[in-house]
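Mind assembling these two chains? They're in different frames, but the hints should get you there.
Now for the letters of each chain:
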Amino acid sequence: MAAETGTPTTLTLKSNDDELFSVAESAAILSVTIRNMVEDGCAGGVIPLDNVDGKTLASVITYMNGISAIPADEEKKKSYRDKFLSDKDFETLADMVLAANYLNMSCLMDAVSAKIAQVMEKKSVGWVRRKFGIENDYTPEEEAAVKEEHKWTFEGVETDDDN
Amino acid sequence: MSNTMEKQRRRIKNMQITTVVPDEIIVEILSNLPPKSLFKLKSVSKSWRSLISSPHFVKKHLNKQLLSLKLMLTFDESPPRRRYYINSCSLASLSHNNNNNPYSRVAMLEHPMLSTPIIDSPRLRKPIEIHGSCNGLILIIVGSFMFLWNPSTRKSKNIPHPCKIGDFHDPMKITLLYGLGYDESADDYRVVCSYNSNRHQILVGPYETEIYSLRSGAWKKADTIQMGFQGWVEYSGRFVGGRLHWLGGRYYEKEGGSYGCDIVSIDLAEGRCELVAMPDCLRHCHRVFPDSLKVLGGNLGLVCYVDNDCDMHIWVMKEYGVKESWVRVLTILLNCGVSDMLSNREEKRWYIGSLLWSPKKGDGVLAYGPGATNFRPVFGPTCTNLVFCDGRDDELRRVEVDLVDRIVEANVYVETLVSPFGDDEAGYVL
Chain Y
1 MAAETGTPTT
11 LTLKSNDDEL
21 FSVAESAAIL
31 SVTIRNMVED
41 GCAGGVIPLD
51 NVDGKTLASV
61 ITYMNGISAI
71 PADEEKKKSY
81 RDKFLSDKDF
91 ETLADMVLAA
101 NYLNMSCLMD
111 AVSAKIAQVM
121 EKKSVGWVRR
131 KFGIENDYTP
141 EEEAAVKEEH
151 KWTFEGVETD
161 DDN
Chain L
1 MSNTMEKQRR
11 RIKNMQITTV
21 VPDEIIVEIL
31 SNLPPKSLFK
41 LKSVSKSWRS
51 LISSPHFVKK
61 HLNKQLLSLK
71 LMLTFDESPP
81 RRRYYINSCS
91 LASLSHNNNN
101 NPYSRVAMLE
111 HPMLSTPIID
121 SPRLRKPIEI
131 HGSCNGLILI
141 IVGSFMFLWN
151 PSTRKSKNIP
161 HPCKIGDFHD
171 PMKITLLYGL
181 GYDESADDYR
191 VVCSYNSNRH
201 QILVGPYETE
211 IYSLRSGAWK
221 KADTIQMGFQ
231 GWVEYSGRFV
241 GGRLHWLGGR
251 YYEKEGGSYG
261 CDIVSIDLAE
271 GRCELVAMPD
281 CLRHCHRVFP
291 DSLKVLGGNL
301 GLVCYVDNDC
311 DMHIWVMKEY
321 GVKESWVRVL
331 TILLNCGVSD
341 MLSNREEKRW
351 YIGSLLWSPK
361 KGDGVLAYGP
371 GATNFRPVFG
381 PTCTNLVFCD
391 GRDDELRRVE
401 VDLVDRIVEA
411 NVYVETLVSP
421 FGDDEAGYVL
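Heads up: the protein sequence lines correspond to chains Y and L, in order. In terms of the numbering used here, the first sequence opens at residue 1 and continues consecutively. In terms of the numbering used here, the second sequence opens at residue 1 and continues consecutively.
Just chain L, with the same shape it has in the complex (with noise of 0.2 Å):
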């Protein structure tokens, strides 16, 4: 075939492929692609453009990419600069077991703070926090700045904040719980504030509860939570079948006294408010420490260390609410994994910074340690390794990097075109 005619049998090929690509098999094409591509995708042609923007496509497209976990990962600067930076990578990179870096391809995130400087200058310098991770919304906040970001897309939405009283950010007077979810009834985005100030009942409550709602974009009371807490809290609610949930500390007086623990959750729609079911052993198990409460392949995880200090056990709630059906699944040795680098029994015990339990074997679960915890007040000596464990061997796996600032918080999220400005900004067409 002479050149001619081959170049005219490829046009005349292309010509078909474009009468041809029905849309369905465009939208399986695209769905795979990251958002920073579809935006870029979307001066291709106005039809183009309004499929990207489509409720449609952007459900496809969430539901596409639920599977590929994005770790991130918030630093705290060392000095002199000293500011709070948030990089992102993804699991699998960590997870696959070859000799290069598995942390080389690294991003640093623009987050909404970048562009904030009166927050960010070193003498106003507070703490970035990540409360709440859904469908690749994140909830983020600096002091009494709220944000809903999307990381993925450089958007963000700054929230007002609910909580009126004055000076909140003094943990001795005011206790601050946040949650990020997402209500599929009313097919809304929903962040959740409760706040305390009651200098003496800090952590017994009651906490006044508001829930704000993407779509009409509005703070409104829920019931109040009566926490029945002692000693501690944690202040990111985690997100499981239409609910927000908070782990906190408990003391029995019974018995001659114990430390325990308890969950309390608040459903999205209708604002309710009730303990979690769980076993006596579980409630009772005084192992239990802050950031221990996670979300495990959909189901509610909880950590409990195991009297050693350093190895821990994993239970999940296999079926929401039935207390029978909490189970033990994992146990990791953190002690045979990683002891070479500890040097002393004070610092043997490692916070789980983001459990997941991914549908696919192998993937499985991180920590990061030592010492490291979003529990405020954070202490601790710099983590400068990341630990990864595959959840299949039980063995932690060491991830060699030298990390140079400490890690304050590991969280996980997915890359989505869900917009922190709800639907209206999706169906904007030129």
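The following block holds chain Y by itself, in its conformation from the complex (with noise of 0.2 Å):
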């Protein structure tokens, strides 16, 4: 055991495009789907994660490293994630709920979930349909009456644009 000897558990990490990462075991079991490897007896060797990539694996260490190393304090935890997400694009942000989602990691799901829908809150519908890479299925017809409907929700609303 780690605490008997003094010395961390490593784990070894593998993105899907074959990057390795070295992470403490304490830091890591923030996710369940690795916990449940670790106490499943998989982590002799090397953690393949078959749905992330090296750059958004790195990312989510960071952030596994950092949010463990702050005590029991909900207010800070908080604070820490807030800055963690603050400066990610919109890519960014997908590429890492769906990380949090594989990884099975509720705190950052939950916070990264909020931080993706701060962003697109005053975003166009055009927007959202680029980003999230959907068909728009109206005909003019039914998508106009969509939007009268609903016309006093687009006060406020950025304009369109690439970003």
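Please keep in mind that the hints were generated in silico from the structure rather than gathered at the bench. Be aware that one or more of the hints could be misleading.
Derived coverage of chain Y by chain L (criterion: at least 3 residues anywhere in the stretch with Cβ under 8 Å from a Cβ of chain L; other residues may be distant) [what the hints assert, rightly or not]: (1) 10 to 22; (2) 96 to 107; (3) 135 to 143; (4) 150 to 156.
Virtual Cβ for every residue (Gly too), placed ideally from N, Cα, C.
Pasting the structure below:
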């Protein structure tokens, strides 16, 4: 046991583009997916994470290390999460929400979902379609009718651009 | 990597996102958004529209929003216009201890009376009364008009008033009690209206009681309430544990006579009526005044003034229906927090507009005053300050706001998609 020998156990995680990462077990088990693998004895060698790429995994590990270094103080954890996510663009956040879901990390999942929602709040319908890759399946008449029904909700929406 | 390659990579990545983001993650993300944005996003696609309209999503969204409390203040505009209007702001913005004006992010709400010109004309001016707030729905009453209103979706439903007695606005002739709650067993929102037309027994009863079901769209007779109140009764019922509660004054003849209070409750499923268990020290407390029954963190709470008239004790019934579970959880020393703005002793009685016991430590109690109360008739000087107590140090923090008009009422609500028309509307698909 790590606690008895004094050396923390380290796990090796492998992204789907074959990058290897070392991370303290105590931080990595914030992911229920990884914790289950550890408990099932699969952590001996390298843990393959088939749904997460290297860039995203590096980011998630930064988060794991950062948040697990904070003692049980919900306010401090919250401000760490806010700061951690503050400079992430939409694509990075989308990758992270998928990774958080796959890794089963509810605290990260909630924080990233809330952040994505915050980014989306004032965006145009076109922006949301592009970012989520959604095809507009309304006929022009149907779309006009839906927009007319909720006309007031388009007040204060940002003008369409490519960002 | 060349620019073109980068763009291509982006495009491929975006494609991957589309195919991978499953509906449950979309739901997670969207449930953080306010109703206004969600209504806008109904035009993204047919599947987003039906997802956002589904009862499952409405519930999921509600559960997420229950912690984000909003404050709703009803104002009585100064002459010459003299309209009633309603403002809202987030409670978190008031509790944050920053130097900016915490009341700056305020929005005026489009309440149903704005589009009902006949009521809003100064000649027929009647106060806007808010008698219930439950899961985003507000019970709003002006004269004989009754609306279920969701301020976040701007939808409102006119409900026919059940009381058929003529001229029922005269408080000398009739007393009307109202309440709004949710019956979990039937997944139904219910409005309660109790009325008494016997001018000699206005407070004592009996009270004819009817319950409106949003699901059936009809009123139904419930238990007649025998109030037994003396002196005063609160008009708005407080919703806790599937029951609505009204607080009223009592006079106890025994031992030379003493004033006190009682709480009567009615359950929304069966319409059964009973008295709430309270320890004698509360039942015989003669320093309980109208607008003292509160909902604190999902429990019934009671405000009792201390003998000096300006400090108050907050009691909470920790376990519903258990007399021994009433405990004093907080003492508010109004004197130390606000004494500098009160010039004479007469004005020292502050009324708590909305008392909150948020699950998160730090958010707490809101009071306003002096002299403002939603106990009719309304008297008192203009309130020009909001006072906030964060419950941590029992001290009131003064929120510096210059209010031009008088606050008549303060209520708390949440921003949800719950429709005043029930599930019928939510299930509507283009």
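These are the hints, each one checked on the structure:
1. A count of 0 residues in the stretch 10 to 22 of chain Y with a Cβ less than 8 Å from any Cβ of chain L is obtained; the coverage claim is therefore unmet, three being the minimum.
2. Coverage of the stretch 96 to 107 of chain Y by chain L holds [criterion: at least 3 residues with CB-CB distance below 8 Å; count 3].
3. For a cut-off of 8 Å, the count of residues in the stretch 135 to 143 of chain Y with a CB near a CB of chain L stands at 6, and the three-residue condition holds.
4. Note: the stretch 150 to 156 of chain Y has 4 residues with beta-carbon separation from chain L under 8 Å; the three-residue rule is met and the coverage holds.
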